[in-house]
Structure formats: C-alpha cells, structure tokens
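Asker: Chain A is already provided as a structure; the job is to place chains B and C on it using the hints.
Protein chains in written order, with our numbering: chain A, 1 to 528; chain B, 1 to 304; chain C, 1 to 375.
A couple of the hints might just be wrong.
[What the hints assert, rightly or not] Okay, derived cross-link-like pairs now, DSS-like style, lysine-lysine, Cα gap no bigger than 25 angstroms in a straight line:
#1 A:Lys448 - A:Lys470
#2 A:Lys300 - C:Lys256
#3 A:Lys395 - C:Lys256
Since the hints were derived computationally from the structure, they do not count as laboratory data.
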Amino acid sequence: MTLIPPENLERFTQAPASLELYRITKKFGDFTAADEISLTVPPGTVHALLGENGAGKSTLVKCVMGFHPATSGEIMVGGHVQEIQHPSDARKYGIGMVYQHFTLVPSMTVTENLVLSRPDVPAAVNWKQETARLEEFMATEAPFKVPLHKRASELAAGEKQKTEILKQLYLKSRILILDEPTSVLTPAEATEVLALLRQMTVAGKLSIIIITHKFREVFSFADDVTVLRRGKLAGQGKVKELDRDTLAAMMMGGASEAKRAPSAPPATGPKPTAPASTRRTALRVKQLSVLGDNGITAVKDVSFELAAGEVLGIAGVAGNGQRELMEVLGGQRPAASGTLEAHDQPYRGTRRDILTHQFHTLPEEPLRNACAPMLSVAENIALRTFDQPPQARWKWLLNFRAIRKSALPLIEAYSIKTRGPDTPIRDLSGGNVQRAILARELSTRPIKILVVSEPCFGLDFAATDFVHQKITEARDRGVAVLVVSSDLDELLKITDRLLVMSGGTITYETPTATADVAVIGSHMAGHG
Amino acid sequence: MESFWLVTLAILAGAVRGGTPFLFVSLGECLTEKSGKINLGQEGSLLAGAMTAYAVSHHSGSPWYGVLAAMGTGMALGLLFAWLAQLPRTNDIAVGIALMLFGSGIAFFFGKPYIQPSAPLLPGIPLGAWSSSSQIQAALRICPLFFLGLLTAFFLAWFLRSTRWGLQIRAAGDQPSAARALGISLKSVRTWAAMAGSGLAAVGGSYLSLYYPGAWTEAISGGQGLMAVALVIFARWDPKMCLVASLLFGGAQSVGPALQAAGIQTGYYLWNASPYVLTLIVMIITCSTKKSLAGAPGALATGE
Amino acid sequence: MAELSATSSGQPGSPGLAAPTPGPRLKRAWGPAFEAILVPLGAILLALVLFGLFCKAQGQDPFKVYASIYKASFGSWFAFQNTLMRTAPLMLTALCTALPARLGMIVIGNEGALVMGGIGAVIAGLAVPAWPPHLALGLMALSGMIWGGLWISLSAGLRQYRGVNETISSLLLNYISIAILNHLVNGPMKDPSSLNKPSSFPIAEEIMLGRITFGDFTMRVHWGLGYGLVACVILWFLMQRTTFGYQARFIGANPKAARLGGLPVNRTTLITCFLAGGCAGVAGMVEVAAVHGRANESLAAGFGYAGILVAFVARFHPLAIVPVSLLLGGILASSGILQRAHKLPDSTSLVFQGLVFLVILFSDSLYGRFKIFKP
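This is chain A alone, in the form it adopts within the complex:
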C-alpha cells in the first residue's frame, strides 16, 4: 500500500513528526484573526488549543491545513520549514484534520468515502480490490470498527466521528488535528474515542493537536496547552503545571477577572421554592411524534409538561430529535401525531395562538431559523408586533416610523452592534444576531411561554452570562421556560428540572438540584 506517494515522506510514515508553528499571523482585510502565534508539538504528544469561540483557534489550524495560507510566519514539520499553500500540501506532510462538522459525503458508503479521501484515487476504481484492502485494514490496523458498506448518512454521530478518525489513520496521517471532536458524542463515546487516541500517541504512532473549550478534556488528555484570546497568544505551558483557575484567567484576560470563571457557582437569582406540581401547567406536550427531513421518525411519543415559573431543560447529544422537537414547538414543522396544549387549550402555532398564549420561540442558529436575513434589524425585531398598533394602522397599513422607534431602545438595552435599525440583519455578526432575536423574543411583547434552543452557541462568557440572566429573570416573572441544549453544564446551571432526550424519546427525568451527571450521561448515550 503506497498511500503517500511523494518521495521524501518515508520518515513520516515511520514515526510521528514534530510540528512547530513560528509566529503565524493571519489577516482578513484589516482584521487580524491570528497574531504572531508560536507553538510546538513534540512527537507523540497531545497539544490542546484552548480558547473561547472566535479566539482564532480554527483560523490557526486552517493555516496549518493549507485552507488559507498564513499571512506571515513559518510552519515546521519534523524540523524542516515547509510551505503549506493547499490542503494537499498538508496531506503530503502527513498532517490530517478531523473536523467539527463531518466531511463525509452522505450519499456515499464508508468504503467510497475512504477511497475518495486518498490523495491518489485511481482514475478508475477497482471496487473488489479496494474493498478487500479496506477489510484487511479494518481487521489489522484499525483501533475500532465501522460498517464499510453503510452509507455515511445512515451512520450515527459517534460512528461518523470514528470514521473520520479512521480515515486519517487509513491515510497514514502522523499529525492529527481534532476540531472539538467530542461535541457530537455522548460523554461515554467521547471518553472512549479520546482514550484510544491517547493510547496511539503514547505508543508513538501519532502527534495530536486538539481544539477544545472543555477543561476536562485538556486535563485528562493533553500534555501541553496553548490558550488563545482574540487572536493573540494568551498563555502556554505544560498541563501538569497549570490549574483550572489559571487557564480560565488566560482565556478571559485581565479585563474579565471580576467575571465568573466557568467552574464558579452560577450567577443566577434565587430558585423558586414552590414545587412545580402546584403551579399552573403552561405547556403540555402529549405523545408527540415527528418525522425528520429524511422521512424517518425523529421524535417518538414524547410527552412532558412545563409549568409557569419553571425552567425545564432538555439535555442530549445533538441530533437525537431535539431540532425536530423545537421546530414543532416553533410551528416550523408539522407533527406526525400527538398534540400540543398551551394553558390547557389546543395549540397549533398559528399567529393567533402565538398572540393569545404569548408563546415565543428562539431556535438554534437564529440567522438560519429565525431571521429574514435581507430585512433590516428593525423589521426583524418587529416580527411579533408588526400587525399590532402602533406598528400597524387598521390592521393592514404599516407604520415604519413606529417599527424603527420601537427597535431603538432594544438595540440599546441588548447592546446590539449595528450601524442602525435599517441595516440588513445579515450584516451583523453572529453574536449580535443572537442578541437581536433574543431581544425580539424576550422584550417586544409580554410572554408566558418561552422555548429556547442552544441560546448561547457562539457567544463569549460575558454574553452567555447575560443570556442566562435574562432567562432567569423571565422565569422569576412567572414565565414557563424550556431550554434545549447540548451543553450539559449550561443546563445544570440554569434549569430547575431536566429531561434527557436520546434516540428521539425522553429517557430520563430528574430535578436539577439532585442530578447526577454520570446517570444523565449514560441516559444520553441511550443506556440505563
């Protein structure tokens, strides 16, 4: 098997190489995404790259992978300076990357995907021969098994992640870059995959850079750590010599010292004392089943009740039916069977129902699911109120002045960075879109029921706190809140009660105060 054709590569296939970055800078126009960053990965070690969203981690590794060549700086592989201008260069030097988003082609089988990933795909593929080779690879070298004949679209998230890693091993990559590899895995799967990779580095087969924002993974998995903040090097060192507080301080910088570190106790208000059962049921979901995009049942027989003045969390690994459930609650997807009731009345998600029950929804990825990108910030904020006076006269004539006027104080209160209320919302950054939609759902009308999904995705620590505080405030006003999130820490912090969703059903329920993370984890994995 000669998978890596170029001449001088034999040494890479023998042992893992070292990787050194020397003063890498990457600019996009006037914006410096990575500023003179240097780091060293000795052979056979794991190096963690830590930082908040937007700190420049992805930018940096994309330079290494040749997706966008660095503006300046040098990359050394095995002690030699190498020009990496294109992904194929990175591959040539034995550097492989496992992405946060899968890079498998859904309609192709695992075999097809693996063969296609090779740098030397033959002009005409002899499938019999390739299959035989792959089966042999699976039997001898592969640390774990994946079904070769299945289409990638039929694989579970964990299997896909394993396939991505296998792909790199099959390609004989000796330096592996993992971009938040555990975000789609259950805690058990994550531990298993990381442990296997750890074994391979200890055995001297791999060097690894892992991008993460989970401290647990840094401490249990990495030898060295580099912390980035706003494109700059914020700290570096051996993991053994560092503790959580030091890392947190590095990530957040001196200015935010007063702010909470991630491990600190939650900054939420007092939790309500009355038990949920005595309060009025605001939302009741009864035996709800929903079909996914592929026509296969994604949510099966889900029932739960949400009381006024309570925050209910739904935990689970992404892709277990949460998105489909959210879409039904938001009126964006029809239910296959089952009913929704708001305040003991049937709820169908029509505009009248929304207004009557004051039922607001904030889905994940708001620019894609909750915004009209071409319309202005003010027009987007007006979605809940445009047909009410004073924004509409006689129910049909729009009053643009009133629409702009009611947007201005919200832009101020939610610190939405925009040139003005008339700017198209797609020109705003991700975090600001999130704030604008949050402002719309929380503050344009009184609310009684609020459903949010991944409310803090892509926000920094401080903004996350702000959102959590808003949710807690709403709860204290007596709003019934449902939070769907794949971030268990977030749910443990802000909810009163937790449901676990796995395989499209609710598998576990517990009050948050007495929740056991291990039990929740095993239910997320579908066991227990």
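Answerer: Okay, now just chains B and C, sitting in the frame of chain A:
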C-alpha cells in the same frame, strides 16, 4: 384490431425516435446536477446544438462533423453557465433561464439562412430489413445516435460509480463542504460537469435537426431541454433510469401523431400536451414537501 | 468563518450603536440607493456595447444600428406610441415574475397565464356581447385575472403542498396552456370563417378596449397602458407598505423564520401568486380586448418571456418595472426596422434580450464590490 397494433408499433417506434433527444439532454442534466447545479439552459444548448449541427453538416457535407460541432457549441454554453452560476450572489436557475433565452436567440439568429437549404442527414440503421412490411421497416430504422446514447447511459453510470472524477463530482454535488475539505476544487469540477452536460444536450439537439424531424426550424424543440430537469427527478439521478424515463417520454410525445396517423382526430391538440402533463404528473407524484428526495444531490437548490 | 464573525460580536456594556463611519452624510444615506440604480444601468450599457460588437461582427455599423433602434422606438411621437403599445403587456407580465420573486420563487409561467387570461377574457366577452361596454370590459378583465391567477396559483399550490419546483411547473404550464388554446380555437370555439389562422369567434366591436384620449386628442395607445401603470403602483404599495407585504417579504427572505412568527405562509404564497398570475391574465385580456379582438395563437407572441427579463432587470421592484418595460418595449418596437434597414433577422432582439439578461445576472455579483457605494 389492426389499427391497435399499428398504434402500438407507432408508439414504440416513437418512443425510440422521440426519446433519443430526451436521453441526451437528461443524461447531460443528470451529470450537471450530480455536481450540484441545475441547468435550465439545456434548452438553449439543445437549440444551439441543433442549429450548429445542421449548418456544419450543410457546409461540410458530413452530418458527423455536425454532431461534433454541436457538442462544441454546447460545451461553450456550458462554460458560460458554469462561470455565471458560480459567481457570488447569482442563482443557477436564473442563469439557466437567461441562457435559455440567449441560446435560442443565437440559434435563431445564425440559423436564419439555414431554414431553406438542405443538409446531409444522419443515416438510419435498417434493423427491420428482414420484414416485408414497410411499417415495420420504418419503425425499426434506428439512428446510430440512439445507440450512442444507450452506451453513454451505461458509461455514465459506471463513470459516476467507479472513477475518480465521478466520485469527485458526486462529492461536490452532495456535500460541498466535504469536497472542499478533500481538496476538490468545486469550481473546476462543476465547470467540467456543466460543460460535458451541456455538450450532451447539444448532441440531443443535433439528433433533432439531423435525424428526426431532420430539418432546422425555429420550432424544432418542444421544450425537451426543460423537461429534462423533470426527467432527471423522475429518474432519481440515475443514468440508467434516465434511459427508461426518456423512452417513456418519447412514447408519450408520439401518442398524438400516432393516433392521428391511425385516423383518430379527437383531441389532437390536447395530446400534444401529453409530455408536459406527464412531466407534471411525475413531479407531483415523486416530489414531497415533507422529505428531501431520495437520491437527490444534497447541494441542489441550496445556493452552495 | 462562523468563529470569525463571533469575534466581532458585541461586548456587553459597549455602546449599542457603533460609531457612525466617517464619510459624507450624503454617501452614507444614499450609497446603497446609488448602487441599486447605477449597477443595473452599467449592466445595460455593457450589454449595449456587447450587442454593438455583435452587430459589428455581422458587418453592421453598431452606431447606425443604435440610431435605428432609437428612431424606431423613441425617435418620433409615432414611434413612441408604438413603444407604449408594447409597454402595457410587458408591465403586466413582468409583475407575474416580480411578485412571486419577493417570496423567493422564480415563476416563469407568464406566457401561459397571459394565454389563459386571454381565453378567459374571450369567453367572458362572448358571453355578454350586449352589456354596457364598461361593465363588459370589467367582467372580461376580472375573468382574465381569475383564469391567469388560478393558473399561477396552481404552480404555487403544487410547490407549497407537494414540493414541486415552481419554475419547472410554471414553464410546463406554458406549453399546456398553448395546447389548450390550440384545442379551443381548432375545436369548440372555432370561428369557421378563420381559415388561415384558426381563431375563436370575435368579441363584439362595442366592448373592445378603447384608445387613450385627452379631450379631443386621441392616442393610438389603448387603455391597457393605464391598467399596467395602476397595477405596478398598487402592487408596489401592497408589497412595501402593508402588513401583507411585510409578511410576503419576510416569507421570501426565510420561510422557516416566517413560520416561527406564525405567518400564514401557504395563504400568503397562494394570494401573491394569484395576484401575479392575475396581472399576466389581464395582459392577455388587454391583448384580446384592445388588439386582436379574438383568441388565437398571436396571444403567445413572447410578451410573457420578455416580461421575465423585465422583472429581473427591474430587480423585482414593481415601480422599476415601469421604466424597464418602456426600454424593452422600445427594443421590441424596433425589431421591424432592424430587419428592413439592416437585414438583421427578427431574432436579433432575442439575442439582445439574452445578452441583457446574462449581463444583468453577472452584475448581481458586483453588488458590494465597489467601495465607493459603501455607507
């Protein structure tokens, strides 16, 4: 009873005769869509191809040069499509409509002098020479381009399944982000696919002007280039199914004329609409708002 | 990239409104508007240059061709009226593409809706030959609007309820409508005296649509022009200034988000497409009631397809449709002179339309590329 058999035979012969242009256009569209873009401009390629083929055949005296020239014209239009459709903020459907207009404009403009003169046509292969019946002989006289189309269908199926380029086209069409991560250049893959696809459509056009009906007129195409898009949906993006679908549509197209030839006049003009109605019915049956179509390339109509 | 954008996300406590970028106030306020006007104008100029090169390649002096086009379209009162006669149906058919485009749909069934509207108008006109002209015309317009409207609603319904691509279905409906027209004028509605060109029975002379008159002065242009202008203005107001228009624009920008707000997506889509098809149907009624007096294949004269182009050039803005229709009307009006004076075939205007269309789409990719328009 005899008229029943005559009608059936005429429809079967019509399926092959009328289905061949569908075959080329739908194979071309299938290839283009597999790379992730919809080309509605196939109609323009078809017309421009028909005109070029006829003109070149007229001047050179060889219909086969005409077919080759048509392919060249089609590829040029495909290049134009690929370039425009991959610019930022453009939409492949709109570019297709523009090319439909432009391609037909070019074809009519340069084709004006060729409406009268005659050109050597493609020879038919007389597979029915054994029979004494002239009707059977006529029905079994088959254009070599049909066999070429047959080969193309099977070749394309193999090409997409078992070649590097085929796999790259499928990756680009199904998951552009994955293709990019594999270092595949979306731009060049899609450009080549669109050029080859548009070239095939133009060969379908050359069949129209050089075999059946076998003359260049401005009304030569009945919208085969557009119906190809529906055919590909019907065929679930499978080249071999494109063959089946093309024969079906060719048959539907020949129902009206076959009935008229058999002396049945009722609803002649309505029968002319049968391929379009059939296309519509096929789309109504196969499409669904609830789920994405099985076999559809993931990047279609996503603007990516 | 997602990570990049999040970097610039706001820090709490920082002022909400970013400091206004330096630069003249005028530019800040009007930069995008200038861009929206200058880019399409530039595109049309580029198309003219390309067309000139094309003519040059055909051995014609491009400047003489331009001069002929101008003379035949805007050069004289007579020519200008010729242009205006073509402007009327163009405005109406352009709306058939422009309105659904606001909902994110590409409908190109203009020709079919026009034909169906023409058939509807003829049927109504034949039913009430003795009615007072105003009433009869009103009924004909209404009938044309309903037939054309239902025709495009069919496409919209198939899209909303069956997921059928509206571009393809509306195009197929064009062919089907022409088959229906042929069937009717060769069969049930055939006037036996129309031998060369099978046609329906003619509608009564008294209920034909009259010419525009100012006091004593009568133009050759019929009132269809008025229908077109009124439709453009009303529909602009509907889309831009009413809650219905807000709903439609929101749905067009993101149907998923619109559903989140409980907006009636299907109903809004169907109504918008009905209005759009209705406009094309009225164009058919105008062609019948003001020009042909009967239904025959002259109805499918290409105004539908030209309307698609008008809508794209006008960037789907109902008011911008008016000047663009005038321009294209002029070009259509000049195709005769190109044939007579320059020996260019009548398909020359089709080539020109194709060029304009391609260049306009190309120009779409230029928005935001010019720093000068940045606010």
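Asker: Hint by hint, say whether it matches the structure.
Answerer: Taking the hints in turn, this is what the structure says about them:
1. Between A:Lys448 and A:Lys470, the direct Cα distance comes to roughly 14 angstroms. Compliance with the 25 angstroms bound is thereby established for this hinted pair.
2. Simply put, A:Lys300 and C:Lys256 have alpha-carbon atoms about 23 angstroms apart, close enough for the 25 angstroms limit, and the pair holds.
3. The suggested pairing of A:Lys395 with C:Lys256 holds, with an alpha-carbon distance near 23 angstroms, which does not exceed 25 angstroms.
In this structure, none of the earlier numbered hints is contradicted; all agree with it.
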